[in-house]
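J.: Sequence:
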Amino acid sequence: MKKWLVIVAILALLVAHQDYWQWDRKDLVYGFVPYNMVYHIGISLVTAAVWVVVCLFCWPRDLEVMAEKKGEDQ
1 MKKWLVIVAI LALLVAHQDY WQWDRKDLVY GFVPYNMVYH IGISLVTAAV
51 WVVVCLFCWP RDLEVMAEKK GEDQ
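Positions 1 to 74 (the working numbering) are the ones given, in order, by the sequence shown.
Hints are computed from structural coordinates only; laboratory data are not their basis.
Just to be clear, a hint being listed does not mean it is correct.
Now the in silico label distances, taken between C-beta atoms and shown as ranges [stated by the list, open to error]: (1) C58 to V15: 15 to 23 Å; (2) M66 to V38: 39 to 47 Å; (3) A48 to K2: 31 to 39 Å; (4) E68 to Y30: 47 to 55 Å; (5) W21 to L56: 28 to 36 Å; (6) K26 to E68: 54 to 62 Å.
In this text the structure is predicted, and so the values were computed from the model without any measurement.
The beta carbon of each residue, even a glycine, is placed where N, CA and C say it ideally should be.
Just need the whole structure built from these sequences, with the hints factored in.
T.: Written as structure tokens, this is what we have:
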């Protein structure tokens, strides 16, 4: 189940990254930062958080044990 949630999250980030719907926005945030830059800063932070979650919950916990067993098999 976790695998599918991660795949959906990554696909959602991929779609959100395209941001074709706001190419023409000229708004400024706080009077000097372009809106598109703020959007990409936000999506970068969300992407970093998703990768932290992926590493915490989807990375194999017994990676060293698996490597040792593989070394013994040879």
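J.: Within 39 to 47 Å or not, the Cβ separation of M66 and V38?
T.: Holds - the Cβ-Cβ distance for M66 and V38, about 43 Å, lies within 39 to 47 Å.
J.: Within 54 to 62 Å or not, the Cβ separation of K26 and E68?
T.: Given a distance of about 58 Å, which is inside 54 to 62 Å, the answer is holds.
J.: Taking 28 to 36 Å as the stated bounds, is the beta-carbon spacing between W21 and L56 within them?
T.: 32 Å, holds
J.: Should the hint that A48 and K2 are 31 to 39 Å apart at their CB atoms be regarded as holding?
T.: 19 Å, violated
J.: Using the C-beta atoms of E68 and Y30, is the stated range 47 to 55 Å upheld?
T.: 53 Å, holds
J.: Could you tell me whether the CB distance from C58 to V15 stays inside 15 to 23 Å?
T.: For C58 and V15 the Cβ distance comes to about 21 Å; the hint holds.
When each numbered hint is compared with the structure, a violation occurs for hint 3 only.
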